[in-house]
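Residue numbers (my numbering), protein chains in the order written: chain A, 2 to 119; chain B, 36 to 454; chain C, 131 to 311.
The hints are simulated quantities; they were obtained by calculation from the structure and are not laboratory data. By construction, the Cβ of each residue, glycine as well, lies at the ideal position given by its N, Cα and C atoms. A portion of the hints provided could be inaccurate.
To be verified - With the Cβ distance kept under 8 Å, some of the chain C side facing chain A (calculated, not the full set):
1) Ala132
2) Ile197
3) Leu198
4) Val268
5) Tyr281
6) Val282
7) Ala299
Claimed, not checked - Listed next, the stretches of chain B that the computed footprint assigns to chain A, with coverage defined by at least 3 CB atoms under 8 Å from CB atoms of chain A:
8) 132-146
9) 381-394
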Amino acid sequence: MFAEWQFIALFVLLAPILPGAPIIINRLLGPHKPNYIKQQTYECGIETVGDTWVQFKVQYYIYALVFVIFDIEAVFLFPIAAAFGQLGVFAIGATVLFVFLLADGLAYAWSRGVLEWV
Amino acid sequence: MNIAELFPKLLDLTVFDYLRSVWGNAPWVEVVLDIIAILTVSTFALLLVFLLGWTERKVLARMQDRIGPNRVGGRFGQLQMVADVVKMMTKEMIIPAGADRIAYFAAPILSLMTSLLLFAVLPFAPGLIGVDLNVGVFYVLSISSVSVVALLLAGWGSNNKYALLGAFRSVAQLVSYEVPMILSILVPILLARSMSTVGLVEAQPIPFFFYAPLSAVIFFVASLAETGRSPFDLLEAESEIIAGFHTEYTGMVFGLFMAAEYIGIIFMSALFVTAYWSGYRLFGLENVVLNGLQLGRILGFLVIAGKTAVVFFLFMWIRATLPRFRIDQLLNFGWKFLVPLSIVLIFVVVILDKVLVEVGLVGGSNEVVRMGIHLVSNLLIGWATIEILRRRAKTARQDYEAEAAARDAARVTAPAHAD
Amino acid sequence: MAEQITFIIGSILALGAGFIVVTNRNLFHGALALMISFLGVAAIYLSLDAGFLAAAQLLIYIGAISILIIFAIMLTRRMMQTTEDPFNSQFLLALAASVTVFAILFSAIVYVWPLTASNSVPLAAKTAVADAVLQDTVVNLGSAFVGADGYVIPFELASILLLAAMVGAIIVAWPKPEDVA
Numbered sequence: 002m003f004a005e006w007q008f009i010a011l012f013v014l015l016a017p018i019l020p021g022a023p024i025i026i027n028r029l030l031g032p033h034k035p036n037y038i039k040q041q042t043y044e045c046g047i048e049t050v051g052d053t054w055v056q057f058k059v060q061y062y063i064y065a066l067v068f069v070i071f072d073i074e075a076v077f078l079f080p081i082a083a084a085f086g087q088l089g090v091f092a093i094g095a096t097v098l099f100v101f102l103l104a105d106g107l108a109y110a111w112s113r114g115v116l117e118w119v
Numbered sequence: 036m037n038i039a040e041l042f043p044k045l046l047d048l049t050v051f052d053y054l055r056s057v058w059g060n061a062p063w064v065e066v067v068l069d070i071i072a073i074l075t076v077s078t079f080a081l082l083l084v085f086l087l088g089w090t091e092r093k094v095l096a097r098m099q100d101r102i103g104p105n106r107v108g109g110r111f112g113q114l115q116m117v118a119d120v121v122k123m124m125t126k127e128m129i130i131p132a133g134a135d136r137i138a139y140f141a142a143p144i145l146s147l148m149t150s151l152l153l154f155a156v157l158p159f160a161p162g163l164i165g166v167d168l169n170v171g172v173f174y175v176l177s178i179s180s181v182s183v184v185a186l187l188l189a190g191w192g193s194n195n196k197y198a199l200l201g202a203f204r205s206v207a208q209l210v211s212y213e214v215p216m217i218l219s220i221l222v223p224i225l226l227a228r229s230m231s232t233v234g235l236v237e238a239q240p241i242p243f244f245f246y247a248p249l250s251a252v253i254f255f256v257a258s259l260a261e262t263g264r265s266p267f268d269l270l271e272a273e274s275e276i277i278a279g280f281h282t283e284y285t286g287m288v289f290g291l292f293m294a295a296e297y298i299g300i301i302f303m304s305a306l307f308v309t310a311y312w313s314g315y316r317l318f319g320l321e322n323v324v325l326n327g328l329q330l331g332r333i334l335g336f337l338v339i340a341g342k343t344a345v346v347f348f349l350f351m352w353i354r355a356t357l358p359r360f361r362i363d364q365l366l367n368f369g370w371k372f373l374v375p376l377s378i379v380l381i382f383v384v385v386i387l388d389k390v391l392v393e394v395g396l397v398g399g400s401n402e403v404v405r406m407g408i409h410l411v412s413n414l415l416i417g418w419a420t421i422e423i424l425r426r427r428a429k430t431a432r433q434d435y436e437a438e439a440a441a442r443d444a445a446r447v448t449a450p451a452h453a454d
Numbered sequence: 131m132a133e134q135i136t137f138i139i140g141s142i143l144a145l146g147a148g149f150i151v152v153t154n155r156n157l158f159h160g161a162l163a164l165m166i167s168f169l170g171v172a173a174i175y176l177s178l179d180a181g182f183l184a185a186a187q188l189l190i191y192i193g194a195i196s197i198l199i200i201f202a203i204m205l206t207r208r209m210m211q212t213t214e215d216p217f218n219s220q221f222l223l224a225l226a227a228s229v230t231v232f233a234i235l236f237s238a239i240v241y242v243w244p245l246t247a248s249n250s251v252p253l254a255a256k257t258a259v260a261d262a263v264l265q266d267t268v269v270n271l272g273s274a275f276v277g278a279d280g281y282v283i284p285f286e287l288a289s290i291l292l293l294a295a296m297v298g299a300i301i302v303a304w305p306k307p308e309d310v311a
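Okay, chain A solo, but in the shape it has when bound:
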C-alpha cells in the first residue's frame, strides 16, 4: 500500500526540478537589465492607478462556498461508488437520499439567485 504512494511522494519531491531548471537556465542565458519603465505593469497601456489588491465582490466568495459544499459531498460519494458492487438495497437507498440532499442544496442556491452572475 505505502509502496504505491512512495512513487507519488518521490514524484512530488522530483517534480519541482523540471519546471525549476528552465527558469534558472532562462535567468542565466537571458539578459538582465531591469529599469523603471520596463518593469511597469501592463494595464492596457494606461499608467497604473491605485492599489492592485482591491476589494472584490462577495459573489466570488459565495461561488467558492457552494463549490466547497459540493466538493465535500462528492468526496463522500467516491468510496460509495467504489464499493457499489457490495452494497445492499438499504445502502442504495441511503446513497439516493444523500444525492437527493445534494440536489436539494443546489435547488436552494438556485432559487435564492445565488447562481446568478451579476
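Given the coordinates of chain A, assemble chains B and C onto it according to the supplied hints.
Then chains B and C, alone, in the frame of chain A:
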C-alpha cells in the same frame, strides 16, 4: 544485466519487469525504478508538448485557411517549437515592479508540477503505468484541484489589476466546472466499481461511452473548461483582460504556463479515453504475444495514443470553430445545466444498475443487455433534456419578442426627435 | 523506513508552515503557508497508509478551503497594511490556552491508547494479511458509510449538516430576495 538481453525488453516495454528480475527485491531497487519511471514519464510528457504544440498550430492554420509554421526545420516547420523554446530561454525575465516574488515564481512551478503529477496514474499499456493507485481517479481530481492555486498565485504575484481580475475569474470558472467533472466521472466509477484507472480500463470490454454517453459528454465539456480551452478560454480573453493571469510573465516562465496547459490537455484527453473509451484496449490487441515478445504492450500503447490523438483533434476542432462564452453564460451553463444533469445521471445509474444486479443482468454475456438498458435510459434522459431546453428557449424567445414589440410600439407613439 | 521519512517531512512541513501562518504579517503569505501546512498533514495521512484521506485532504483543504480563504482575504480591505504586532497583549493568554489543549489531547491519547508491547508493533512488521485488508480500505470505507450495519445515520447527518451550512452561509452573506428585486 546484459545489454543484448535488454534490447528486446525495450522493444516490448518490459524493461522494468526484466530489471526487477535481475536486481532482486532490495528496497533500493524500487526507489531507483521509481525515479527512472518518474523521469521517463515526465520527459515523455514534456516532449509531447513539442509534438502537440506544433500539430495544433499546423492543424489550426489549415482550418483557418493558412499554412502555419513552414520555415524552421523543413517544409512543414517541424522544428518551430524547438526554435520557440530556444527563443524563450534567451529572453530577458522581466519581473514587474512591486511583484510578490514568492508567489510570482511559485505559480509556474506549481502549474507545471501538478500537470506532470497527473501522469503518474495514467495507464499507457497493460502493466505500463506509473503507479496503479486504488484511488487513481480521485487522485487525479485532487491534483488538478491544486493546480487552481497556481492561477491565484500568478494573479496575486504579478501586481497587475488585470492579472488579478483574470485569476479570480479563472478560479470561479475552474471551481464551477470541477463540480460537473467530479459528478460525471462518478458514473464510470459506479459502473466499474473501482476508482483505479487500471480498474476502469479492465472493466470495459465494451467502452463506457456506450453505457453513459451523456456522462461522457458532460465530462468532455467540463474538461474543456478545466483546461481553459475554447469556447471556455476566458482565462486568457485578450479582448477583456489582456492575457489574464499570465499577463506579466515573460520568457521561459511564460513558456512553463503554456507547457502546463498542453500537458493538461493531453492528460484530460487521455483520461477521457481511459474512462469512457476503454483506454489501451481494442479487440484484444493489447494481449498479443509474438515469439515471446510482449507485442501487446506496444500495441496497447499505440491504441491509447491513437485514441488520445482523436480526442485532441476534437479539442483543436472545437477551438477553431466555436466563439468564446461570456462569463455569466459560462457559469450558468455549468451550474444550471451540467450540474443538475449529472446529478440526475447519478440517480439513474445508481438505481438502474442496482436493479440490473438484482435481476442478474451484469457481467459475462449479459453485459450487452446491461449496456443496452443503460444506453436507452441515457437516450431518454437526453431526449427529455433537449425537450425541456427547447420549451424554455421558446418561452424565453416569446418573452423577448413581446418585449421588443412593446418597445417598438412605444417608439411609434412617442414624438420623433428632431435629428 | 519510508513511512518514518514521510512522517518526519510531513510534520516538519505542517509545524513549520503553521508557525509561519501565525507569525507572518502578510495575510496572503499566511494563506500560502496554510496550504503547505495542509500538505504536511496530507503527508502524515500517507505515512498512516490512508491514501484516500491524503487525496481528500488535497482536494478539500488545498483545492477548496484555501481558495475560500483567499477569496475571503480579497473581500477584506487593506489587508496588506496590517501593522499590528503578532505578539500583542493576548499572546500569553493564547499560549496558555494552546498548551492546555495540547496537554489534554496528549494525555487523552496516552491514556486511551497506551503504548504497550502488544499494540506498538512497528509499521514495517505488518503481515501480508494486513496488507490485503488495507488494500480494500476505500471499499470498506464506502460500505461503512451507507451499509446497514455501518455508520449510515452519521453519514446522512453529515449531509444535512453540509446542507445547513450552505443555507446558513447564503442567508448570512446574500442579500434578501426582496432587496434583490
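Structure-based check of all given hints:
{"no.": "1", "hint": "Ala132", "in the structure": "holds, 5 Å"}
{"no.": "2", "hint": "Ile197", "in the structure": "holds, 6 Å"}
{"no.": "3", "hint": "Leu198", "in the structure": "holds, 5 Å"}
{"no.": "4", "hint": "Val268", "in the structure": "holds, 5 Å"}
{"no.": "5", "hint": "Tyr281", "in the structure": "violated, 10 Å"}
{"no.": "6", "hint": "Val282", "in the structure": "holds, 5 Å"}
{"no.": "7", "hint": "Ala299", "in the structure": "holds, 5 Å"}
{"no.": "8", "hint": "132-146", "in the structure": "holds (count 6)"}
{"no.": "9", "hint": "381-394", "in the structure": "holds (count 8)"}
Violation of the numbered hints given earlier is confined to hint 5; every other hint is satisfied by the structure.
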